[in-house]
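A.B. asks: Here is what each chain is made of, one letter per residue.
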Amino acid sequence: MDFIGKRKIWYALSLIVLLVCVGSIFAQGFNYGIDFQGGSLLQLKFEKTDLTVEQLREGLEEFGLEKSQIQLSDDSFIIKTAELSQEEQGKVLKGLESKLGKLELLRNEKVGPVIGKELRTKALLALLVAWILQILYISFRFEFRFGLAAVLALLHDVIVTAGFFSIMQYEIDVTFVAAILTIIGYSINDTIVIFDRIRENLKFKHKEELAALTNKSIRQSIVRSLSTSVAVLFVLVALIVLGGETTKYFSIAMLVGVLAGTYSSIFVASSLWYDFRPDKTGKAHSLKV
Amino acid sequence: MRWEKLISLIIIVALVIGGAYFAAKPIQENVKLGLDLKGGVQVRLQAKGTVTDRDIEQVMEVMRMRVDELGVTEPVIQKEGSNRVLIEIPGVEDPDKAIELIGKVAKLEFRLPDGTVVLDGSELKDAREEKDPSTGQVYVALEFKESGAKKFADVTTQLVKEYPEKDGVRPEQRFIAIYLDEELLQNPYVKEAIPSGKATIDGYESLEEARNIALLLRSGALPVEVEIIENRTIGPTLGADSINKSLDAAIWGLGAVFLFMLIMYRLPGIIANMSLVLYALLLMGALIALNATLTLPGIAGFLLSVGMCVDANIIIYERLKDELRNGKSLRAGVDAGFARAFWTIFDSNVTTLLAAAVLFYFGSGSIKGFAVTLSVGIICSMFTAITFTRFMLKLMVESGIAKNPKLYGA
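Which chain is which? The protein sequence lines are E and A, in order. First residue of the first sequence? That's 925 in the working numbering, and the numbers climb one at a time after it. First residue of the second sequence? That's 621 in the working numbering, and the numbers climb one at a time after it.
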């Protein structure tokens, strides 16, 4: 497969996906969870098993909470409201119990607005620091152009993952931030393995065209890239299908990120590096090894 | 066929499988589970206004006493940043009560018999039990802050002057009652004017009794106003449910990976799977040794680093295949494959480790747990790939049980 020669096609494909993602992020934004927004979360399990979301919503009307986000998780309900005081919450629980029957409080979270604001800054800062560290390390071990290409590919993966969550309106919480940073770690791993091949091939072959050399390097690494991704996908799919609510969305984010990461490692990162490199003859002299 | 090599190979495989079998239980018993898996209450407090380290330490002291009242084991109370305290209480029966207890504004008041409030808890600096070494008398020593000392001096001076003792009878008006949350705690008599801001209360039977009173007095002396800025409660049912679900996911996910490695890489696939088992044991051992807490995201981190462990093996085997295709012998192929794979594995893992380190630095709570698991996982996987996989692969080649390159996936 001619990755470099057809790179405009892959660039275009990526750009279209990126545009859709960025469009969604700007147009409808994110569904921020209480970690980011502040608020209260109640996960309730009722003894009555045939309860519907509508009935629960009616039950919440008395407390002016009928607009809360209610989500069914297996046999329990997750309710997200504005921040409730301990007292208010007690009243709501008693009220629901008297109306809808015996209930068990499985999970209860309350996050103040301070935390949410802090989390946003921290998350962005973490992303930035991670990126800078990656560029520095790759520039040190390879060269700056590799670092730049790798980080652009990462940006691609992060935007695709975030965009997917925006499009699906899945909730963004602390674990999503962890997922994004893990994607960065994973995807860079993938890209580095291909770059490592390019670096190695540059060392040995002097007369080959750079495009052919890059293509060859990708071909040599592609089985490994796909094998590893498949192994990780097995684990992620198992977590999504069988795991609990908390790990589910983390795994979905990871799944999208891994797919985007595998794609960008193979089709985008090396091509970007090729375009950044002024000398297309494949000579090693400009490269620090 | 070299029998001694083959026998070592078989023994090692048996050891790894046996090790996993026998280690499973101790691991389960010793690994520290986070609140999200065990169930419990997590509360984050923030002090209002500017605070000193001493203030926060006192807040923590007060919280420790309040939490102790719940009679739970292993509560965690730790300082976060300059003005926050994180409290984690595992296995609480009544989370509402715990939160209420932590968040309550303990009101300590010193009142005159007519009900006038002289001082409140914020003006008390310290209270501790003491024993006079010469007489053996036990008492509680109180120390007031500057403002409190002044008020206390004025009041006691006035009381002593206005209500002198007659014929050794203590006038009723010379008592100062101490109320904690509207409950009478102590009602000491003012023997003399106390200008220094340091007072003692005596009349205790034992040091134990004095200590309890001092504790209660201190608990009412929250030096600053605190507010609950975050709390999370996970019921024990949900925690157990999460563990079961994660276990299911782990079994199916890992099973699929095992099968995949066998199909893709044949004989080396077996070695990869062995190194996976060893890696999992190492990781769990490291987590226990580090006294790290396993959280739900931590489990996800563990499963994910399985991917990294497999990856290191895959990189090695792909290299081996390359070398075999280039016409190298098996033995030379293993050596060359490793030499080339090492730096690839190193560089790719360091970059991942960088991301995990950032996560550890910026994250808190369960996210930190995730970062720890991921980092330890990456290091363990790199270690097993470089040492164990290599050793086993060489042993397998040298034993001569499989000479056909096809068995190596080539």
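These aren't lab readings, by the way, just hints derived from the structure by calculation. Using N, Cα and C, we set each Cβ at its ideal position, and we do this for glycine too. Don't take each hint at face value.
To be verified - Straight line, CA to CA, 25 Å or less: simulated SDA-like cross-link-like pairs of lysine to any residue:
hint : chain 1 : residue 1 : chain 2 : residue 2
1    : E       : Lys-1140  : A       : Asp-942
2    : E       : Lys-1140  : A       : Asp-675
3    : E       : Lys-1041  : A       : Asn-703
4    : E       : Lys-1172  : A       : Gly-875
5    : E       : Lys-1015  : A       : Asp-716
6    : E       : Lys-1140  : A       : Ala-952
7    : A       : Lys-771   : A       : Asp-675
8    : A       : Lys-727   : E       : Gly-1014
Claimed, not checked - Label-pair ranges, simulated between beta-carbon atoms:
hint : chain 1 : residue 1 : chain 2 : residue 2 : range
9    : A       : Glu-720   : E       : Asp-999   : 43 to 51 Å
10   : E       : Glu-1012  : A       : Arg-831   : 33 to 41 Å
11   : A       : Gly-711   : E       : Met-1092  : 33 to 41 Å
12   : A       : Gly-1020  : E       : Thr-1205  : 44 to 52 Å
13   : E       : Glu-1124  : A       : Arg-951   : 55 to 63 Å
14   : A       : Arg-831   : E       : Glu-1011  : 49 to 57 Å
15   : A       : Ile-627   : E       : Ile-940   : 56 to 64 Å
16   : A       : Glu-829   : E       : Glu-1011  : 51 to 59 Å
To be verified - Partial chain A-side listing against chain E, Cβ under 10 Å, derived:
hint : residue
17   : Glu-720
18   : Ala-797
19   : Arg-886
20   : Leu-887
21   : Val-930
A.B. asks: Indicate, hint by hint, whether the structure satisfies it.
C.D. replies: Comparing the hints with the structure gives:
no. : hint                                   : in the structure
1   : E:Lys-1140 with A:Asp-942              : holds, 13 Å
2   : E:Lys-1140 with A:Asp-675              : violated, 65 Å
3   : E:Lys-1041 with A:Asn-703              : holds, 17 Å
4   : E:Lys-1172 with A:Gly-875              : holds, 19 Å
5   : E:Lys-1015 with A:Asp-716              : holds, 12 Å
6   : E:Lys-1140 with A:Ala-952              : holds, 23 Å
7   : A:Lys-771 with A:Asp-675               : holds, 22 Å
8   : A:Lys-727 with E:Gly-1014              : holds, 23 Å
9   : A:Glu-720 with E:Asp-999: 43 to 51 Å   : violated, 29 Å
10  : E:Glu-1012 with A:Arg-831: 33 to 41 Å  : holds, 38 Å
11  : A:Gly-711 with E:Met-1092: 33 to 41 Å  : holds, 36 Å
12  : A:Gly-1020 with E:Thr-1205: 44 to 52 Å : holds, 46 Å
13  : E:Glu-1124 with A:Arg-951: 55 to 63 Å  : violated, 22 Å
14  : A:Arg-831 with E:Glu-1011: 49 to 57 Å  : violated, 34 Å
15  : A:Ile-627 with E:Ile-940: 56 to 64 Å   : holds, 59 Å
16  : A:Glu-829 with E:Glu-1011: 51 to 59 Å  : violated, 35 Å
17  : Glu-720                                : holds, 6 Å
18  : Ala-797                                : violated, 30 Å
19  : Arg-886                                : violated, 13 Å
20  : Leu-887                                : violated, 16 Å
21  : Val-930                                : holds, 4 Å
In the structure shown, a violation is registered for the earlier hints numbered 2, 9, 13, 14, 16, 18, 19, 20, in ascending order.
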